[in-house]
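Going down the list, the sequences are from chains D and C. Under our numbering, the first sequence has 74 at position 74, and the numbering climbs by one with no breaks. Under our numbering, the second sequence has 451 at position 451, and the numbering climbs by one with no breaks.
Rather than coming from a laboratory, the hints here were simulated on the basis of the structure.
The list makes no distinction among identical chains, and a pair is therefore deemed to hold if it is satisfied within one copy or across any two copies.
Quick list of in silico lysine to any residue cross-link-like pairs, SDA-like style, CA-CA up to 25 Å: (1) K221 with P200; (2) K203 with D20; (3) K436 with I67; (4) K333 with H404; (5) K221 with D199; (6) K217 with E185; (7) K436 with F32; (8) K436 with R29; (9) K333 with W402; (10) K436 with L295; (11) K333 with D405; (12) K436 with Q68; (13) K436 with N27; (14) K436 with V28; (15) K221 with R183; (16) K129 with Q102; (17) K436 with A34; (18) K203 with L151; (19) K203 with D238.
Number of protein chains: 2
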Amino acid sequence: MTTTDGEDRIRRRPDDEEADIYDEDGNVRGDFLALVGAAIADRDTLFLRQNVARLHESEIGDLLEAIQPDQRLALVRLLGDDFDMTALTEVDEAIRREIVDQMPNAQIAAAIGELDSDDAVYILEDLDKEDREEILAQLPFTERVRLRRALDYPESSAGRRMQTEFVAVPPFWTVGQTIDYMRDEEDLPYSFSQIFVIDPTFKLLGAVDLDQILRTKRQTKIEQIMRETNHPVPAEMDQEEAAQLFEQYDLLSAAVVDENGRLVGVLTIDDVVDVIHEEADEDIKRLGGVGDEELSDNVLSTVRSRFLWLLINLGTAMLSASVIGLFDGSIEKMIALAVLMPIVASMGGNAGTQTMTVTVRALATRDLDIYNAGRIIRREAGVGVLNGIVFASIMGVIAGTWFHDYQLGGVIAAAMVINLMAAALAGILLPLLLDKMGADPAIASSVFVTTVTDCTGFFAFLGIATWWFGI
Amino acid sequence: MTTTDGEDRIRRRPDDEEADIYDEDGNVRGDFLALVGAAIADRDTLFLRQNVARLHESEIGDLLEAIQPDQRLALVRLLGDDFDMTALTEVDEAIRREIVDQMPNAQIAAAIGELDSDDAVYILEDLDKEDREEILAQLPFTERVRLRRALDYPESSAGRRMQTEFVAVPPFWTVGQTIDYMRDEEDLPYSFSQIFVIDPTFKLLGAVDLDQILRTKRQTKIEQIMRETNHPVPAEMDQEEAAQLFEQYDLLSAAVVDENGRLVGVLTIDDVVDVIHEEADEDIKRLGGVGDEELSDNVLSTVRSRFLWLLINLGTAMLSASVIGLFDGSIEKMIALAVLMPIVASMGGNAGTQTMTVTVRALATRDLDIYNAGRIIRREAGVGVLNGIVFASIMGVIAGTWFHDYQLGGVIAAAMVINLMAAALAGILLPLLLDKMGADPAIASSVFVTTVTDCTGFFAFLGIATWWFGI
Numbered sequence: 001m002t003t004t005d006g007e008d009r010i011r012r013r014p015d016d017e018e019a020d021i022y023d024e025d026g027n028v029r030g031d032f033l034a035l036v037g038a039a040i041a042d043r044d045t046l047f048l049r050q051n052v053a054r055l056h057e058s059e060i061g062d063l064l065e066a067i068q069p070d071q072r073l074a075l076v077r078l079l080g081d082d083f084d085m086t087a088l089t090e091v092d093e094a095i096r097r098e099i100v101d102q103m104p105n106a107q108i109a110a111a112i113g114e115l116d117s118d119d120a121v122y123i124l125e126d127l128d129k130e131d132r133e134e135i136l137a138q139l140p141f142t143e144r145v146r147l148r149r150a151l152d153y154p155e156s157s158a159g160r161r162m163q164t165e166f167v168a169v170p171p172f173w174t175v176g177q178t179i180d181y182m183r184d185e186e187d188l189p190y191s192f193s194q195i196f197v198i199d200p201t202f203k204l205l206g207a208v209d210l211d212q213i214l215r216t217k218r219q220t221k222i223e224q225i226m227r228e229t230n231h232p233v234p235a236e237m238d239q240e241e242a243a244q245l246f247e248q249y250d251l252l253s254a255a256v257v258d259e260n261g262r263l264v265g266v267l268t269i270d271d272v273v274d275v276i277h278e279e280a281d282e283d284i285k286r287l288g289g290v291g292d293e294e295l296s297d298n299v300l301s302t303v304r305s306r307f308l309w310l311l312i313n314l315g316t317a318m319l320s321a322s323v324i325g326l327f328d329g330s331i332e333k334m335i336a337l338a339v340l341m342p343i344v345a346s347m348g349g350n351a352g353t354q355t356m357t358v359t360v361r362a363l364a365t366r367d368l369d370i371y372n373a374g375r376i377i378r379r380e381a382g383v384g385v386l387n388g389i390v391f392a393s394i395m396g397v398i399a400g401t402w403f404h405d406y407q408l409g410g411v412i413a414a415a416m417v418i419n420l421m422a423a424a425l426a427g428i429l430l431p432l433l434l435d436k437m438g439a440d441p442a443i444a445s446s447v448f449v450t451t452v453t454d455c456t457g458f459f460a461f462l463g464i465a466t467w468w469f470g471i
Numbered sequence: 001m002t003t004t005d006g007e008d009r010i011r012r013r014p015d016d017e018e019a020d021i022y023d024e025d026g027n028v029r030g031d032f033l034a035l036v037g038a039a040i041a042d043r044d045t046l047f048l049r050q051n052v053a054r055l056h057e058s059e060i061g062d063l064l065e066a067i068q069p070d071q072r073l074a075l076v077r078l079l080g081d082d083f084d085m086t087a088l089t090e091v092d093e094a095i096r097r098e099i100v101d102q103m104p105n106a107q108i109a110a111a112i113g114e115l116d117s118d119d120a121v122y123i124l125e126d127l128d129k130e131d132r133e134e135i136l137a138q139l140p141f142t143e144r145v146r147l148r149r150a151l152d153y154p155e156s157s158a159g160r161r162m163q164t165e166f167v168a169v170p171p172f173w174t175v176g177q178t179i180d181y182m183r184d185e186e187d188l189p190y191s192f193s194q195i196f197v198i199d200p201t202f203k204l205l206g207a208v209d210l211d212q213i214l215r216t217k218r219q220t221k222i223e224q225i226m227r228e229t230n231h232p233v234p235a236e237m238d239q240e241e242a243a244q245l246f247e248q249y250d251l252l253s254a255a256v257v258d259e260n261g262r263l264v265g266v267l268t269i270d271d272v273v274d275v276i277h278e279e280a281d282e283d284i285k286r287l288g289g290v291g292d293e294e295l296s297d298n299v300l301s302t303v304r305s306r307f308l309w310l311l312i313n314l315g316t317a318m319l320s321a322s323v324i325g326l327f328d329g330s331i332e333k334m335i336a337l338a339v340l341m342p343i344v345a346s347m348g349g350n351a352g353t354q355t356m357t358v359t360v361r362a363l364a365t366r367d368l369d370i371y372n373a374g375r376i377i378r379r380e381a382g383v384g385v386l387n388g389i390v391f392a393s394i395m396g397v398i399a400g401t402w403f404h405d406y407q408l409g410g411v412i413a414a415a416m417v418i419n420l421m422a423a424a425l426a427g428i429l430l431p432l433l434l435d436k437m438g439a440d441p442a443i444a445s446s447v448f449v450t451t452v453t454d455c456t457g458f459f460a461f462l463g464i465a466t467w468w469f470g471i
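One chain only, chain D, in its complex shape (with noise of 0.2 Å):
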């Protein structure tokens, strides 16, 4: 029964894959992974062929990590060979290693064949040494050098992320030429947008797209049609500042070359995305105080991973209570102080991450540079000014109202302006400090900047009171 169910599950796929194995969230549809669950259970590979070898890499990936743990080697030995190793890429790191780690090397060297290089370096920089050089030892002499050559360049460079297939040919072929050897030869690349012009070294000339090639009559030279290409990648670079040079300038795919200008490898797009959603998530992610860690991760590590942070927030907390202290003979006098301290701290708090948020982002995209940064800082005090205005009026009254004592009121009111711009000058300048620094303002901006906030808060309100009040 099941079998016939996805028998017609097969058929149906052509004209709405999407529908197929996910609901209208996104999320891999309930019944589909009972009936994968239950297919795995009673080994029913028959099944697993015809319903999820046949899905696109992504949604494999998707599969994978919506199954029970448990399950996911399992399915991967149940499909044996039609398990296509591209999924892997598409899964958590400590998915994909859980599983690569515990299939036979002779397999994933199999399977590696098959890849684009860029996938099976995705997959083969995760082993450990002894495992990657066995598989490498099971692959076909070119396909071995290859690899390696890509596994030598550094750690999410353009060089490991790049792919070693491509199309090249000199700048005297005709277009005629250049197509007919793409129509005769079997081993090309296994899609691409562009060809690349080389002298006899490998060194690069330039690029042709290939729509270029197509409105181009058979006869003209490759050298008449093709471009500079004003920004081929260094192997070397990092793969975040690759990205940035498709962004602006909106490439598809771009050539990656050695320190001596030879072409090594194609960057497509696709990486590059990939790559876009790493930084954004690194970004968030420091914001928030986790470091780069994966929903997958075990409990241990996920401690680890954000123990620093909790530690540094520790010590900036006793900093602050620390300037409390300071003042813990006014608050016996005035017990209300102790009630209203917060409030100005954690506004504080909030408009200096705001402004911080801003900045931090503005660094990351360089929309923030030394020219605009004076008009940023006098926007960022100006908008800290009015919004101390406002709700220091507004705390003015509240408190007044609250404690029948006006005079009170006007105390948080001033503490309220003094600690909202001194939120909006530390929400961009940290951040900008740091950046100056060479660090990454992401990482420890939030914890800086409210520890600024906190003091300032707690020093200006109970020292405004403790003076106006004289106690």
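Dock chain C against chain D, hints included.
What follows is chain C alone, placed relative to chain D:
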């Protein structure tokens, strides 16, 4: 003198365009800015034509953002017809409006005619209705119809972002016919990576990648090599959803179809990359409590965009203040409580933010769904307990030594454990709840989470202290 400098600048451009206008930090070079500024001042159109007009659209965009606000319009005016309107798609919305609003509609219309439809729409959609109509009226009929069609689709829909220029052929054509057609056709899109196959009513039948055409014999029929496009994008689809399709299936471009499955345009990866950026930006800014404000916004609109958030925070801050108010008696008797209570609250706030950040991000990237939610919740609870115990012990010892009162140390330790668990649960449950309710978890999560941790922190600490010391 500036001009000669300008000329050798031009001679320098082809081989190192990058190095040309940017310094190593990726900022527009100061000396270049100075030259441009001076040229604008003495209306040196020759220099500007030679050095600015030839830059890449995104470089002109960066330049417009880097120069003094009052110079921007002047630069555009001086460049006249040599100004590449596409550059306006690369600058902040505020700057784009400021420039476009002051350009004569005639000039805009002339420039718009030169643009790809997606760029034209990008600029037209910001204009107020009458200006837009006046400009459209000055465009050739077909152009006008195309743009109208795109503008009729809802904001930030695929239809708005699509390019209405594309190459489409009937299925019975041969590869040879297709190539010849592209060779002879004058009016092809600026660049494209696939051609579409349609029936006489423009119904989408399939697509063929250009590399596929190039590796196929001339006499082969298109229908033999075309693949059914599994992922045509409905014109009404939200651009974010469309972007997810691109990412999941590694698309370079996708057909955009109307409700009748008729091909109306093509969505390209470069637009999608921009969308991915906007979405990441949105998430980061919302988590930081700032609306979709831009760096070029002025003080007032910035104050406006942050006001609501601060107001809500004021409310929640007063809520936690009133929790403290419940225990003013205890604080009066034991002032140390006032000093220590912010530590408990702030640790909870940080731990909660950590969990919330991971949850919100996981929801945004669809990594978190009903199938693994249970596991993640258990993990976060575990993390909360572990961190709770660790920091409870640390804080207990510190507080005990600080105030020479180890009972107080025990009290704060207990409160810490409770608050870090509350933080973990709030951090994951609140975003999930908001998501279930169809709200964007990024928007309101952090204010709710910190409310929970502040109130829990103060209540647990002061409550336990009051009970334990019987005050």
